[in-house]
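A.B. asks: In case you want the letters, here they are:
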Amino acid sequence: MTNREKLSDLLLDIFLLEPEEFSFDLTREDVETWDSLAVVSVAVGVKETFGYHFTPEEATGVVRVQDIIDLLENKGISFAD
Amino acid sequence: MPTEVPVWSLDQLKRLRREDTRLCVTPSCRDRVLAELNIPVLDGLPAAGQTLVVAGGGALMDQWKVKQGSGGFELVCVPTIYGSGAEVSPIVVLNTPRGKQIEMDDRYMPHARVYWPELLATVPMSQARDACGDVWSHALEAFMSPLAEDGLRGEIAVLVSEMLDQPLQADSAWFDFSARACTAQSRCSVGLIHGIAHSLEHLLNDSRQFGHAALCAILLWPVLRFNREHAEKWTELVSRFEVDESAIEGCARALFDPERFEPVRRLLGEHWKTILRDPCTRTNGVLVRRGHADYFLNTSFT
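Chains as they are written, first to last, in the numbering used here: chain A, -3 to 77; chain B, 705 to 1006.
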């Protein structure tokens, strides 16, 4: 499974979305279930899936799916696959 | 962080002025409480400026914690059983037609609390044992919470070590453990045990067999095992904070009741989506995902 697939699977579960509702262009405004508890879940899920622990500032600063990818790529986790 | 609720002695409670005080007491210990306290039983709502003494479990205390702010009366809580920690917490769990509703507000903090351990004698032994599971679930879910900081986890580790020395039966020591565990979880969060309990309690329709504390006791071992098997966090934390993992698992297994778990398990699959949406589930130490229902449906926990 590629890192992009792992991330989309993770976010489908956290936001309780169906696959057709997901895209890597989603922002927090687009997703009703992307609330403050989902911010916590994203941090927990990223740690479990990619092994990187967001700082509180990083976690609360994520407002787009692309922000997660950018943060992880900066830590050497590639999404080029 | 909310301020601590002062502890009054039973003598302090007895010195309250009769004309300024009203009493609301759960039926199971009504005679015992009325024999000791010379306080009129509440009829309707307490008047502004009065003190309301509530002797009972978490649900009864929560019911009055919500009303005290707008009602202008002071609330003194006398827990008749440990577990909920409602006497020290700004959190209330309310029963609504749509299920459990959780609210947190510093105005819900009681004015004082009184521990009256002799009232434990009015509680059935099985209920007192289940209440130990409620305390354990608060402590361990707070320990694992993604919102807990290491300082808090250190406090919980000390608490857990003390709890491991106490048998799973009625004992006044559990009142102290309960208050500390509940204070800890109010500083971070609880997790999947509470998410499942809050989602299913109203569907199980047998408050004695499947009240909140009973569900915590029943679910402690399955959820502990789930957390251990689905992420490294549990193993990492028990190692870093030097808590006795095998002793904790021994307690959780001792509280597990496979016969009572089966009706719960049967509801889990059907209501998994509701469980996933519960705010407690969403702050579990390990991320709970859609496919994880299968783990609880197919694993033998005995």
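Don't read these hints as lab results, they were simulated from the structure. Just so we're clear, the structure is a prediction, and the values are computed from it rather than from any experiment. Glycine included, every Cβ here is placed at the ideal spot set by N, Cα and C. Hints are supplied without guarantee of correctness; some may be wrong.
Computed cross-link-like contacts, BS3-like style, restricted to lysine-lysine with a CA-CA straight-line distance of at most 25 Å [stated by the list, open to error]:
(1) K2/A - K977/B
(2) K71/A - K43/A
(3) K937/B - K43/A
(4) K71/A - K2/A
(5) K804/B - K771/B
(6) K2/A - K43/A
(7) K2/A - K771/B
(8) K804/B - K977/B
(9) K771/B - K71/A
(10) K804/B - K718/B
(11) K718/B - K43/A
Per the computed footprint, the stretches of chain A lying under chain B, defined by three or more beta-carbons under 8 Å from a beta-carbon of chain B, are [said to hold, decoys possible]:
(12) 9 to 19
(13) 26 to 36
A.B. asks: All hints, please: hold or fail.
C.D. replies: A quick look at each hint next to the structure:
Distance restraint check for K2/A and K977/B: the Cα-Cα separation of roughly 21 Å lies within the 25 Å cut-off, and the hinted pair is therefore satisfied. Among the hinted pairs, K71/A with K43/A is consistent with the structure: their alpha-carbon atoms are about 12 Å apart, no more than 25 Å. Of the pairs offered as hints, the one joining K937/B and K43/A holds, with about 10 Å between alpha carbons and a cut-off of 25 Å not exceeded. A threshold of 25 Å between alpha carbons decides the hint, and for K71/A with K2/A the separation of about 17 Å falls inside it, so the pair holds.
Between the alpha carbons of K804/B and K771/B the distance comes to roughly 17 Å, so the proposed pair stays at or under 25 Å and holds. Straight-line distance between C-alpha atoms of K2/A and K43/A comes to about 12 Å, which keeps the hinted pair within the 25 Å bound. Simply put, K2/A and K771/B have alpha-carbon atoms about 47 Å apart, too far for the 25 Å limit, and the pair is violated. Of the pairs offered as hints, the one joining K804/B and K977/B holds, with about 15 Å between alpha carbons and a cut-off of 25 Å not exceeded.
For the hint linking K771/B to K71/A, the alpha-carbon distance of about 50 Å lies beyond 25 Å, and the restraint is violated. Using a Cα cut-off of 25 Å, the hinted pair K804/B and K718/B is violated, with the two alpha carbons roughly 35 Å apart. At most 25 Å may separate the alpha-carbon atoms for a hinted pair to count; K718/B and K43/A exceed this at roughly 54 Å. Here's how the segment 9 to 19 of chain A fares: 3 of its residues keep a CB closer than 8 Å to some CB of chain B, so the rule of at least three is met and the hint holds.
With a threshold of 8 Å between beta carbons, the proposed coverage of the segment 26 to 36 of chain A by chain B holds, since 3 of its residues qualify and at least three are required.
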